[in-house]
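Could you build the full structure based on these sequences and the hints that come with them?
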Amino acid sequence: MSVVVPALNEAENLPHVFATLPRWIHEVVLVDGNSTDDTVAVAKRLRPGLRVVRQRGSGKGDALAEGFAACTGEIIVMIDADGSTDGREIVRFVGALVAGADYAKGSRFLNGGGSDDITAGRRLGNFVLSSLVNLLFRTRYTDLCYGYNAFWAGHLDTLAPDCAGFEVETLMNIRAAKAGLRVHEIPSHERRRLHGTSNLRTFRDGWRVLRTIVRERLGRALPVSGSPAADRSPIADRGAA
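Going by the working numbering, 234 is the number at position 232 of the sequence shown; the sequence numbering is gapless.
Any given hint could be a false lead.
Quick list of simulated restraints, FRET-style, between CB atoms [said to hold, decoys possible]:
| no. | residue 1 | residue 2 | range |
| --- | --- | --- | --- |
| 1 | D159 | A101 | 39 to 49 angstroms |
| 2 | T121 | G51 | 16 to 26 angstroms |
| 3 | A43 | T22 | 16 to 26 angstroms |
| 4 | D118 | G97 | 21 to 31 angstroms |
| 5 | N36 | A155 | 35 to 45 angstroms |
Derived from the structure by calculation, the hints contain no laboratory data.
Just so you know, these numbers come straight off a predicted model, no measurement behind them.
Think of the CB as a built atom: it goes at the ideal place given N, C-alpha and C, for glycine as much as any other residue.
In structure tokens form, the structure reads like this:
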């Protein structure tokens, strides 16, 4: 299993993030977005055998795409480097995949989930955008814009993240639905960023998410890469594995 961690100036947060990762994870891929602090040095000291990818482009979506391409595991998990996602929850995501899901997506709005960080404006925006995706793509997603997700590596060509910014989670969620992948939502608790300032900008990134939804709705359906899930409904299963 591979865990991808995009990071930009997260040296202070990485000790906490890596401490939550289960010991049985065989590969951690840190994608460094040209940090100006000691992010890479701290990560290497904390995690012997760490794989480091130096990001050539910019933005979270670009970082994840480069990280995914470097993974060797059969399962890929994406988490954040700011301490907001808890690595101890990874077992829930992996359990859902092993039980039959193709794609496990975190949700802060299921029973058992929550957020210490989301503002009223972001919550409203997420609800509106989630409702739009549910209407257009016949899904039942409870959380659209959350960066804690896991999937079988064999579906990477189907999910095909080809955007630069924070809209990447929305893009992958929509493409999973369009391809008929079996999606299982996992309750997850988002914590506040420990140190530093978030690069997320509510209105700018909300607009990018909306543009992504429209683009995907007008685009063609994506094929499933060798998965029997092609005949399944793209409606998300709710609840923990």
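Hint check:
no.	hint	in the structure
1	D159 / A101: 39 to 49 angstroms	23 angstroms, violated
2	T121 / G51: 16 to 26 angstroms	38 angstroms, violated
3	A43 / T22: 16 to 26 angstroms	20 angstroms, holds
4	D118 / G97: 21 to 31 angstroms	24 angstroms, holds
5	N36 / A155: 35 to 45 angstroms	26 angstroms, violated
Hint check: violations occur at hints 1, 2, 5; the rest are consistent with the structure.
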